[in-house]
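Asker: Listed below are the residues making up each chain.
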Amino acid sequence: MNSVYKTVLLDHFHNPRNKGDLDSMDRVKRGSNPRCGDDIEVGIRAENEILESVRFRGRGCSICLASASIMSECTIGLTMRQARHLVQQMLDWFGDTISEAPSNTTLAALGAVRQHPARKKCVLLAWVALDETLEIK
Amino acid sequence: MLTASDSVDFDALRKDFPIFDSGPQTLHYLDSAATSQKPRCVIDAIDLCYRNQYGPVHRGLYPLAESATEAYEKARQTIENFINAPSPDEIIFTRSATEAINLVASGWARQALEAGDEIWVSQMEHHSNYLPWQRVCRDRGASLKVIPLDSSGQLDLDKADGLFGNRTRLIAITHVSNVLGIVNPVEKITRLASVNSIPVLVDAAQSVGHMPVDVQSLSCDFLVASAHKMCGPGGIGFLYGKKERLTQTEPLLLGGGMVDQVLADTSIWAEIPARFEAGSPNLAGALGFAVAAAYIEEIGRQPIAKREQELAATAFEALSEIDGVTIYGPENSPYRSGILSFNIDGIHPHDIAQIAGEHGVAIRAGHHCCQPLMRHLNTPSTARASFSFYNNKDDIAALVMAVHETKKILGS
Ligand SMILES: Cc1ncc(COP(=O)(O)O)c(C=O)c1O
Numbered sequence: 001m002n003s004v005y006k007t008v009l010l011d012h013f014h015n016p017r018n019k020g021d022l023d024s025m026d027r028v029k030r031g032s033n034p035r036c037g038d039d040i041e042v043g044i045r046a047e048n049e050i051l052e053s054v055r056f057r058g059r060g061c062s063i064c065l066a067s068a069s070i071m072s073e074c075t076i077g078l079t080m081r082q083a084r085h086l087v088q089q090m091l092d093w094f095g096d097t098i099s100e101a102p103s104n105t106t107l108a109a110l111g112a113v114r115q116h117p118a119r120k121k122c123v124l125l126a127w128v129a130l131d132e133t134l135e136i137k
Numbered sequence: 138m139l140t141a142s143d144s145v146d147f148d149a150l151r152k153d154f155p156i157f158d159s160g161p162q163t164l165h166y167l168d169s170a171a172t173s174q175k176p177r178c179v180i181d182a183i184d185l186c187y188r189n190q191y192g193p194v195h196r197g198l199y200p201l202a203e204s205a206t207e208a209y210e211k212a213r214q215t216i217e218n219f220i221n222a223p224s225p226d227e228i229i230f231t232r233s234a235t236e237a238i239n240l241v242a243s244g245w246a247r248q249a250l251e252a253g254d255e256i257w258v259s260q261m262e263h264h265s266n267y268l269p270w271q272r273v274c275r276d277r278g279a280s281l282k283v284i285p286l287d288s289s290g291q292l293d294l295d296k297a298d299g300l301f302g303n304r305t306r307l308i309a310i311t312h313v314s315n316v317l318g319i320v321n322p323v324e325k326i327t328r329l330a331s332v333n334s335i336p337v338l339v340d341a342a343q344s345v346g347h348m349p350v351d352v353q354s355l356s357c358d359f360l361v362a363s364a365h366k367m368c369g370p371g372g373i374g375f376l377y378g379k380k381e382r383l384t385q386t387e388p389l390l391l392g393g394g395m396v397d398q399v400l401a402d403t404s405i406w407a408e409i410p411a412r413f414e415a416g417s418p419n420l421a422g423a424l425g426f427a428v429a430a431a432y433i434e435e436i437g438r439q440p441i442a443k444r445e446q447e448l449a450a451t452a453f454e455a456l457s458e459i460d461g462v463t464i465y466g467p468e469n470s471p472y473r474s475g476i477l478s479f480n481i482d483g484i485h486p487h488d489i490a491q492i493a494g495e496h497g498v499a500i501r502a503g504h505h506c507c508q509p510l511m512r513h514l515n516t517p518s519t520a521r522a523s524f525s526f527y528n529n530k531d532d533i534a535a536l537v538m539a540v541h542e543t544k545k546i547l548g549s
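Residue numbers (the working numbering), protein chains in the order written: chain A, 1 to 137; chain B, 138 to 549.
A few of these clues could be false.
[What the hints assert, rightly or not] Stretches of chain A that chain B covers, calculated by requiring three or more beta carbons in the stretch to come under 8 Å of a beta carbon on chain B:
hint: 1; stretch: 3-14
hint: 2; stretch: 68-80
hint: 3; stretch: 93-106
hint: 4; stretch: 116-122
Honestly, the hints are just simulated from the structure, not real lab data. This one's a predicted model, so the numbers in the text were calculated from it and none came from an experiment. Beta carbons: idealized from backbone N, C-alpha and C, even for Gly.
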C-alpha cells in the first residue's frame, strides 16, 4: 500500500513552517471546505514583486496543513509571477492535466494524494487561497 | 446465559457475503450505515431476474410480461409483510429513502401546509430528512422547527415547545441516528402526536434492516427506507403511507403507468400505488430487495439487533480505553444501535479514515450528511464505525489497531 503519510508530509504536519500569526502580512485570503471543516488563511508579504513571507494559520487535516506548510516553504523568495506559475502547475498536476510533479522534491511528497480524489481538495486549499492573494492588485 | 444472538451462527453468515472472499487482504468493513454488503442470495436473485425473468411490468399480455408483473407485485407484498403494513397498496417503490421523503414533502406537505404552520424535525436528521422540509416550509410560508438534543445527544422533547401543538402539520423524525446510533422513542412521539392528529413520518433508513420495525405498532403515517442499507440492491427503496395520507398525496413524477385517462387538458390518476410509480418499474431492484428482506427476516431482526449492539458495545469499551478518544452519544445500550462515532484529540477524522483504510479497515469520516448535528456536537466531522451482523471481533481488533496506528503516525 502506497501510504500518503510520507516522511516529508509528516514532518511538515508535526513541525509546520511559517504557521501562526498573520498580522504583518500585506494580503490574507481564506480557504475553507465546509464539507470536512478544513479552514485556513494564507497571507503574503511582498517587496518589489518578490514574496518575502508566506504564512498560514487555521485548522484542517494533516494533508491540508502539511500542504500549506510545504507551500510556504516552496514559494518564499519567488516572484509573484513565479508563484502564480507554481500554483498553476499544482492545479494541473492534481487535475491530472500533467503527470509530472513540479520540479521540486518537497512537492513530490504530496504526489501520493493524487490517487485519492476525495482528498485532492485538502492539498489544494492552501494553494487556491495563495492564488487569490496573488491576484489582488 | 443464552442470548438471542447466540442461537444464530453469525460467523457462518459472513460466508454468505462474497465480498469478504474477493480480495487478498481481509476487508474489515465497518461502513454498513453508508451502505451494506450484499449476500449471495441477493446477487443471485438479480442475476436470475435478468437471465430468466426479465420483462415489462404492468405493460404486457404475454407470459413473460405477466410473470414479471406478478413477481414485482409479490416483492411489494414481501415489503408489506416486512414492516407489517396493513395492505400492499400502502407500499410505494421509490428509488431510495431520499426520493420517498421528497415525495411526501412535494406531494403531501406542499398541499397540507398553510402560512404559519409548522413542520418539526430533529437536530440529528440526515440532510435528506431536513432539506425537503426546509424548502417546502420556505415556499409555503411555514416554519421548520427543530427538536433540540440534550448533552448525550438524545431528543430533548421537553425543550421542543409546541411540538405537539395545533400549528404542527407534520413531525419527521429518524428512527435511528446515522451518526450517534441512538434509537428514538418513535412510539412515544406518535402517541403524543395522535392527541392532535399530527401525522408522523419515520425515517427508517438505519433501522428497518437492523431491528424489528412494525408500522402498526409504531403507529406512524409515513415510513421510508432504502434497500441498499439492508443487504439489498442500490436504486430502490420504499415509502409506506397510510391509505388516507396517500389519498391526500399528489404524485411527484408524471408519466407512463400512473394514469387511467389522459384527456386533452386534464387527466385521471391511476389507483394507488400505481399513481406514484410513473415510468417503467425497477424489476430487478424490487426482486433483489424482496430477497434481502426475506434473508434478514430468516435470520431474525431481534438477533440481528442484539448482535450489532454487542459488537458496538465491545468497540465502545475498547475505544474508550484509548487516551484522547472521544465517543459521541450515550453509553447505555438500549438506546444504541450498531453505530459509533468518535474522534481522536488533535487528529482530523479524514486522517483516521485514511490510515484505517491503509490497514484494511473501512470506516467513514465527515459530517455524515448531518451538519445540524455536527453543530450540536461542536465538531465539523467525526469518524464513524458502523456494525452489521456480518462483522466480528477481528473487525473490532482491526479498528482498535488502526486507531493506535493513527495516533502513532499523527499524534503529538
Ligand atoms: C438516517 C438516514 N436517512 C436517510 C438516508 C438516505 O438514504 P439514501 O441515500 O439511500 O436515500 C440515510 C443515508 O445515509 C440515512 O442514514
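Asker: Could you run down the list of hints and mark each one as holding or not?
Answerer: Hints and how they fare:
1. For the stretch 3-14 of chain A, the proposed coverage by chain B is satisfied: 6 residues have a C-beta within less than 8 Å of a C-beta in that chain, meeting the threshold of three.
2. Counting residues of the stretch 68-80 of chain A whose beta carbon lies closer than 8 Å to any beta carbon of chain B gives 0, which falls short of the minimum of three for the stated coverage.
3. Coverage of the stretch 93-106 of chain A by chain B is violated in this model, with 0 residues showing a Cβ closer than 8 Å to a Cβ of that chain against a need of three.
4. Coverage of the stretch 116-122 of chain A by chain B holds in this model, with 3 residues showing a Cβ closer than 8 Å to a Cβ of that chain against a need of three.
Violated hints, in rising order: 2, 3; the structure is consistent with all others.
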